[in-house]
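Q: Starting from the known structure of chain A, fit chain B onto it as the hints suggest.
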Amino acid sequence: MADQGEVKLLKTWSSLFGLRVVWALKLKGIPYESVDEDLTNKSDLLLQYNPVHTKVPVLIHNGKSICESLVILEYIDETWSQNPPRLLPRDPIQRASARFWAKFMDEKQALPSMWQAFTKEGREQEEGVASIAENLKLLEAELEGKKFLGGEEIGIPDFALGWLVNLVPVFEEILGLKIVDEERHPSLSEWSRRISDIPVIEESWPPRDKLVTKWAAIRDHFLATARASSG
Amino acid sequence: MAVNNDDVKLIGAWASPYVMRPRVALNIKSVDYEFLQEQFGSKSELLLKSNPVHKKIPVLLHNGKPICESSIIVEYIDEVWSSSPSILPSDPHNRALARFWAAYLDEKWFPNMKGVITAASEEEKNAAVDQLKMEGAYGEVSRGEDFFGGEKIGFVDIAFGSMLGWARAIQVMAGVKLLDEEKTPGLVKWAEKFSADPAVKDVLPEAEKLVEFSKLLSAKFKTAAASS
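Line order of the protein sequences matches chains A and B.
Numbering follows the UniProt record's numbering, in which position 3 of the first sequence is assigned residue number 3; successive positions increment by one, without gaps.
Numbering follows the UniProt record's numbering, in which position 199 of the second sequence is assigned residue number 199; successive positions increment by one, without gaps.
Chain A with its partners taken away, still in its complex shape (with noise of 0.2 Å):
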């Protein structure tokens, strides 16, 4: 067992990537303090910790910082590798694959498109839209006959996607729209219950209500500024 030493945690109420390390800390038991950050008045902690991008979450271990959420990860597992679950394979084809996939999530694609049309109506939304589905299509079929993204075991992928769990149906409520379904999507829907039914998931979810709320807000937000601008 890795020396425990102070292990803080920087995140928000309801960062997505700050969510990923708390579960993390917790299927891996790792006892953690969490502070959570009000990014419209950043700490100093924050500030100090993450001059780069002073963004969440920032894992704080015996006083030196780690950013960003998906380098957080693989550090938690390095560290505390005696720490059951393994979160990456130990095949180099497959943590190839499984780093592939996080990225995938985060970048190119899937994040942004979710960010589009939620963000945007009209044409603009409806490409959103129309990308999220092709993506969905490709995570579908990397799913199809495994547990997880990540194999038999959950792992640093499902980590990444983890957000769609709780936030799809948050979105779907906002805008009125199917995004996930059961017809189009069965092993991402069988997933999504498999990661809700892992305690440590189900009991760190942000309240939905509050989320909705946020991101009601910000999705009005985005729409005043757009139809401001466009006169």
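By construction, these hints were calculated from the structure, which means they are not laboratory data.
Some hints could be false.
[To be verified] The list that follows gives simulated cross-link-like pairs (lysine-lysine, PhoX-like), each with its CA atoms no further than 20 Å apart: (1) B/Lys-133 / A/Lys-55; (2) A/Lys-8 / A/Lys-42; (3) B/Lys-108 / A/Lys-55; (4) B/Lys-55 / A/Lys-137; (5) B/Lys-49 / A/Lys-137.
[Unchecked claim] Far from chain B, by Cβ distances over 10 Å, these chain A residues were calculated: (6) Val-22; (7) Lys-26; (8) Tyr-32; (9) Asp-38; (10) Cys-67; (11) Thr-79; (12) Pro-92; (13) Arg-95; (14) Ala-96; (15) Arg-99; (16) Phe-104; (17) Ser-113; (18) Val-129; (19) Ala-133; (20) Pro-206; (21) Leu-211.
Idealized CB from N, CA, C, for every residue including glycine.
A: Chain B alone, transformed into the frame defined by chain A:
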């Protein structure tokens, strides 16, 4: 553990900084590989089959199995050909720092650099590619040694150094100095050492060739813009 009769192929193109990264990594490990160059303007069947999600280079094919995304390929190479020299540091915090800077480069530096190449106006050209951040990073990570990786080339050196050919080409084409003696003296020295390294010098594209190539690129963009 890799054996000498491994089949290693790399799908790529000489001008791509992302492709250069695994080439440097394979050179560091003294691994022989077949370089399959894509034709400019089209994508081969093999590429489309090996990277169906992104359809992009580089793709490493190791005994027929594809590995995609340049940084992921470099980590794979480091793990499979695990005998020294190693590319990532051994200490978890230093590994995290290396991955952090590699991610920063891919998220911020490289896209901004591309912006400089295709920029029309002076303002756009001068739009901060944040040299000072990387100069700071170099000071912090190298701890007084030659490279981000310490005494020898490491993960961040590879991630960052792969842009040097284009940095020089940009200086020729746009007059924008991405590294200069005044603002980033540490990086200027680092760039010289990196470029001269045996694992790097044969795969770092020459600035003049990139300048010629970028004429092809802008012609392609203009055609695409005209026909859309």
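Q: Determine whether the non-interface label on A/Ala-133 survives the test: each CB of chain B must be over 10 Å from its CB.
A: Nearest chain B Cβ is 15 Å from A/Ala-133, so the label holds.
Q: Hey, is A/Lys-26 genuinely clear of chain B, shortest beta carbon separation above 10 Å?
A: Label holds. Min Cβ-Cβ 19 Å, cutoff 10 Å.
Q: Is the claim that A/Pro-206 lies outside the interface with chain B correct, judged by CB distances over 10 Å?
A: 25 Å, holds
Q: Beyond 10 Å from chain B, beta-carbon-wise, is A/Leu-211?
A: For A/Leu-211, whose nearest Cβ neighbour in chain B is about 26 Å away, the distance exceeds 10 Å, so it holds.
Q: A cut-off of 10 Å on Cβ-Cβ distance, and A/Cys-67 was said to be off the interface with chain B. Does that hold?
A: 6 Å, violated
Q: Taking C-beta pairs only, is A/Val-22 more than 10 Å away from all of chain B?
A: Non-interface label stands for A/Val-22: nearest chain B Cβ at 18 Å, farther than 10 Å.
Q: Is the Cβ of A/Arg-99 more than 10 Å away from each Cβ in chain B?
A: 5 Å, violated
Q: Does the structure keep B/Lys-49 and A/Lys-137 at a Cα separation of 20 Å or less?
A: Holds, at roughly 17 Å.
Q: Looking at A/Arg-95 again, its CB stays over 10 Å from all of chain B?
A: Non-interface label fails for A/Arg-95: nearest chain B Cβ at 7 Å, not farther than 10 Å.
Q: Just double-check A/Ala-96 for me: nearest Cβ-Cβ distance to chain B has to come out over 10 Å.
A: 5 Å, violated
Q: Given the hint that B/Lys-133 pairs with A/Lys-55, does the C-alpha gap stay at or below 20 Å?
A: Holds - the C-alpha atoms of A/Lys-55 and B/Lys-133 are around 16 Å apart, at most 20 Å.
Q: For A/Lys-8 and A/Lys-42, compute the direct alpha-carbon distance and say whether it is at most 20 Å.
A: 16 Å, holds
Violation of the numbered hints given earlier is confined to hints 10, 11, 12, 13, 14, 15 and 16; the remaining hints are satisfied by the structure.
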